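Could you slot chain S with the ligands onto chain H? The hints should help.
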Amino acid sequence: MLEVDSLYVAYGPVTALRGVSIKVEKGSFVGVVGPNGAGKSTLLNTIAGVVKPKSGSVTLAGSKLSGARAEHIVGKHLSLVPEGRRIFGQMTVLENLQLGTTVRKDREQARTHITEMMEVFPILGRFRDRRAGHLSGGEQQQLAIARALLARPEYLLLDEPSAGLAPVIVDSVFEVLKRLHNEGVSILLVEQVAHRTVETADHSYVLQHGNIVARGTASELLQGGLLEAAYLGADGAAPEPEGAGQA
Amino acid sequence: MNAVFQFLIDALSLGSIYACIALGIALIFGVMNLVNLAHGELIMVTGYTLLLTHGLPLPLRIIIAITAGVLAGILMDKLAFRFIRGAKPATLMIVSFGIAYLLQNLAILFIGSQARAVALPSWVSARISVGGIGVSPLDLVTVLVTVLLLAGMGLVLYRTPIGRQMRAASEDFTMARLVGVKSDRVISTAFALAGFLAAVAGILLIAKTGTVTPTMGLAPLLAGVVATVIGGSGNLKAAVYGAYLFGALTVAIQAALPTDLVAFRDAVAFALVILVLIVRPQGLFIRRAVAERV
Ligand SMILES: Nc1ncnc2c1ncn2[C@@H]1O[C@H](COP(=O)(O)OP(=O)(O)OP(=O)(O)O)[C@@H](O)[C@H]1O
Ligand SMILES: [Mg+2]
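Residue numbers (UniProt numbering), protein chains in the order written: chain H, 1 to 247; chain S, 1 to 294.
Wrong hints could be hidden among the right ones.
Computed spacing ranges between beta-carbons, pair by pair [said to hold, decoys possible]:
| # | chain 1 | residue 1 | chain 2 | residue 2 | range |
| --- | --- | --- | --- | --- | --- |
| 1 | S | 274 | H | 14 | 57 to 63 Å |
| 2 | H | 14 | S | 60 | 56 to 62 Å |
| 3 | H | 120 | S | 184 | 29 to 35 Å |
| 4 | H | 105 | S | 222 | 41 to 47 Å |
Part of the chain S face toward chain H, derived, beta carbon under 10 Å [to be verified]:
| # | residue |
| --- | --- |
| 5 | 67 |
| 6 | 82 |
| 7 | 164 |
| 8 | 168 |
| 9 | 174 |
| 10 | 175 |
| 11 | 179 |
| 12 | 180 |
| 13 | 183 |
| 14 | 253 |
| 15 | 265 |
| 16 | 266 |
Hints in this document: simulated from the structure, not taken from any laboratory.
Computed from a predicted model, the values in this text were never measured in an experiment.
In this text, a Cβ means the ideal position worked out from N, Cα and C, and glycines have one as well.
Chain H with its partners taken away, still in its complex shape (with noise of 0.2 Å):
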């Protein structure tokens, strides 16, 4: 299980998250959603070992993340695909997808991953000579999740992955995501795209100012219209004090 606990995060004098905790257990799908600022990609990068906390902790299986560095967590099986793809635009794709397997010490199988990455995703296959950085959105969208996937996470940690694509392209990451799901990947999905997120998750948080609100599977946040609460709040309206809505 991946914990978080009273996580208080700033970048010096603005304060992105207050107390924030979060679970994921092991073979879960949860979602976080909330507005523009909320601290989700703060969320995620200081669980990835990018960003430093202030104070509380992050747990993984039982042993701490917190203060370990980046390069470090990607090998304990955990890994992020980042907000904005973060490919490396002047490297082939081939070139993208060996930088995934860094972190591996079976070189022979992690080739033969590669491999299969290719035929998973045909468009890498078929561009792996290609400079990345000449893929389409939807296409680097592709190669940055199969990327995260040569570290071969137990938990997958995505930043906005349907951000700025076409709707049909968005369905198949969607798509993707169940099916990896369904495969025995734990997955932390921070999404713009509410409704579509928390019907996809097992059970979502929703985050505003730093603060977890509300939290629930589909039907408990969207009967109560807590999503559209949140949403709401923060166009102007004074945030929720209290830590959660449904907890």
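Structure of chain S with the ligands alone, referenced to chain H:
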């Protein structure tokens, strides 16, 4: 014919030396956003090692001097830059200036501020005739060694996992860490390679001039920085192209200027560089139109 050939050899040999320096500067700039103003002191350390090992057989002196250059590179990182990882580029640059100044003063303190002659075999300054064309064996050695060295660097950077990791780190350091690239390891490797390149370039430069001084690193540093900037900063290949271009430009200006103005060769070269940058601020070998899609 003879003049053209001489121009080509001069341009190639100067360009190759600049390329070794520029590639080292670009490597370090790529992995840690540092314009290392102490890069020239890697050359200086190599030069003084060559001076102090006189009496030993030349191949051994060269090996020791190159080792000293590599170690100086690694130590710069381990003793200084490691403690200010992630600092602002301006802070990093000021620290590197401090290191340069410190090393120059150590050289003055322990060896003296005046130029010292480095004893080298006589063939270094000889001229031979190849098919009626006079060439210096040193120029031929310079071109051969640097071209082999740059090709070797190309193999390391483009054909090995650590090279791939260094290129990834230069493109997006945080993302490289997220896929598991060990930041300290790529930075150390970049410093070691930069030290190696600077040491080889330094030895070839000293073979040309025959002397070492505490500030001998300054001119090569400037040439290297200019080459990376006109090529396009942050891009390794562009830095190498920039170096060859700047080398050719310098040699051409030297040939074109009347004898009493040759002393102003570098001033004219830098003025041309400024002009180039006004027209193409991103560098000559970077296509701005190819924006990476995010
Ligand atoms: N590097 C940074 N320096 C300073 N402030 C930052 C930094 N990154 C984020 N912030 C601030 O922290 C808060 C949370 O940002 P974060 O990026 O986590 O939000 P988000 O929920 O991911 O937003 P979006 O949906 O727009 O991606 C915002 O107020 C943002 O301005
Ligand atoms: Mg975000």
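Against the structure, the hints come out as follows:
1. S:274 / H:14: 57 to 63 Å: violated, 40 Å
2. H:14 / S:60: 56 to 62 Å: Cβ of residue 14 of chain H to Cβ of residue 60 of chain S: about 59 Å, so the range 56 to 62 Å holds.
3. H:120 / S:184: 29 to 35 Å: Since the Cβ atoms of residue 120 of chain H and residue 184 of chain S sit about 34 Å apart, the hinted range of 29 to 35 Å holds.
4. H:105 / S:222: 41 to 47 Å: holds, 45 Å
5. 67: Since the shortest Cβ distance to chain H is 29 Å, the answer is violated.
6. 82: Violated - the Cβ of residue 82 of chain S stays beyond 10 Å from chain H, reaching only about 14 Å at its closest.
7. 164: holds, 6 Å
8. 168: Holds: closest Cβ of chain H sits about 5 Å from residue 168 of chain S, inside 10 Å.
9. 174: holds, 6 Å
10. 175: holds, 4 Å
11. 179: Interface hint status for residue 179 of chain S: holds (5 Å vs cutoff 10 Å).
12. 180: This hint holds: residue 180 of chain S lies near chain H, its Cβ roughly 4 Å from the closest one there, short of 10 Å.
13. 183: holds, 6 Å
14. 253: violated, 33 Å
15. 265: violated, 35 Å
16. 266: With a closest approach of 32 Å, the residue 266 of chain S hint is violated.
Figure legend: structure checked against the earlier numbered hints; hints not met, in rising order: 1, 5, 6, 14, 15, 16.
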